[in-house]
Amino acid sequence: MLRLFRTLARGAAARAEEDLFDRNALLILDQQIRETRAALERSRQALAASVAGDRAEERRLAEVEARATDLETRAMAALQSGRDDLASEAAEAIAELEAERDAIRAARGRFAAELVRIRAAVADATRRQADLERGRRLAAAAETARRLRVSPAPQDRATLREAEATLARLRSLQAEADDTEEALREAEPGADLAERMARAGFGPSSRPAPSAILDRLRARAEAPRQPAA
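Just so you know, we're using this note's numbering here: the sequence shown kicks off at 380 and counts up by one.
Since the hints were derived computationally from the structure, they do not count as laboratory data. Hints should not be assumed to be uniformly reliable.
Stated by the list, open to error - Okay, the calculated beta carbon distance ranges per label pair: (1) Gly488 <-> Thr386: 56 to 66 Å; (2) Thr545 <-> Met380: 46 to 56 Å; (3) Thr415 <-> Ala524: 23 to 33 Å; (4) Asn403 <-> Ala524: 45 to 55 Å; (5) Thr415 <-> Thr523: 55 to 65 Å; (6) Asn403 <-> Arg507: 15 to 25 Å.
Bear in mind the structure is a predicted one, so any value in this text is a computation, not a measurement. Heads up, the beta-carbon is just placed ideally off N, CA and C, and yes, glycines get one too.
Hey, can you work out the whole structure from these sequences and the hints?
Here it is as C-alpha cells:
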C-alpha cells in the first residue's frame, strides 16, 4: 500500500509539473530564448577575439620573415667582406627566426581548421536562433488566439464565445425594451384616434394614401413618353 501511495504521489507531482509547464510554456520559452541569445552573443565575441588574435599572429609572422630576410642579406654582405664572425651570429639569429616562423605557421594552420569549425557552429546557431525567435512570435499569436477560444480556468478572462453570448443577450433585452415602449405608446389614450377619424373622413390622414403613391408612380412612368419641348 505504501508503495502504491508513493507511486501515486510521483504521478501527481509529474502531472502538476506538466500542467505548470503548459500554463507557463510561453514564459519559459521567452527565458530560454534570452539565455540562448546571450550564449550566442558570447560565442560571436569569442569568435571575433579569435579572428583578431589570428590576424595579430599573421602580422607577427610577417615581421619574423622580414627580419630573417634582412639578416640573410646582411650575412651575405658580411661573408663577402670576410666577416665570418658577424655572418655566424646572423646565421644563429636566422635559425631562431626560422624556428619561430615554422611554429607560427603550424599554429596558424591548426587554428585555421578550428576557426572553420567555429564559424560553422556560430552560423548554425545564428540560423537556429532566428528560427526560434520567429517560432516564438508565431507561438505567441497562436496562444493569444487559443485563449480567445478556450478559458482554462474559471478565474481567467472571458472567452470570445462568452462575449458573443453576452452581446446576444443584450440585443435581446434591447429589442424587448423597444417592443415594450411601442406597446406603451399604442396603449396611450387616443393614440390612434386621429388616424381612425381620418379614415372616417374627418380631417387629413397622417399617413400617405396608397392612391396618391400610385398616382405619383404613374406620373413618373409616363414622363419619358412625353415629347421634349
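Each hint, compared with the structure:
1. Checking the proposed 56 to 66 Å range against glycine 488 and threonine 386 shows it holds: the Cβ atoms sit about 59 Å from each other.
2. Between threonine 545 and methionine 380 the CB atoms are about 51 Å apart, so this pair conforms to the stated range of 46 to 56 Å.
3. Threonine 415 and alanine 524 have their C-beta atoms about 26 Å apart, which keeps the hinted 23 to 33 Å range intact.
4. In this structure, asparagine 403 and alanine 524 break the distance hint of 45 to 55 Å, their C-beta atoms being roughly 18 Å apart.
5. For threonine 415 and threonine 523, the Cβ-Cβ distance of about 23 Å falls outside the hinted range of 55 to 65 Å, so the restraint is violated.
6. A hinted range of 15 to 25 Å holds for the C-beta pair asparagine 403 and arginine 507, which are about 23 Å apart.
This entry does not satisfy hints 4 and 5, going by the numbered hints stated previously.
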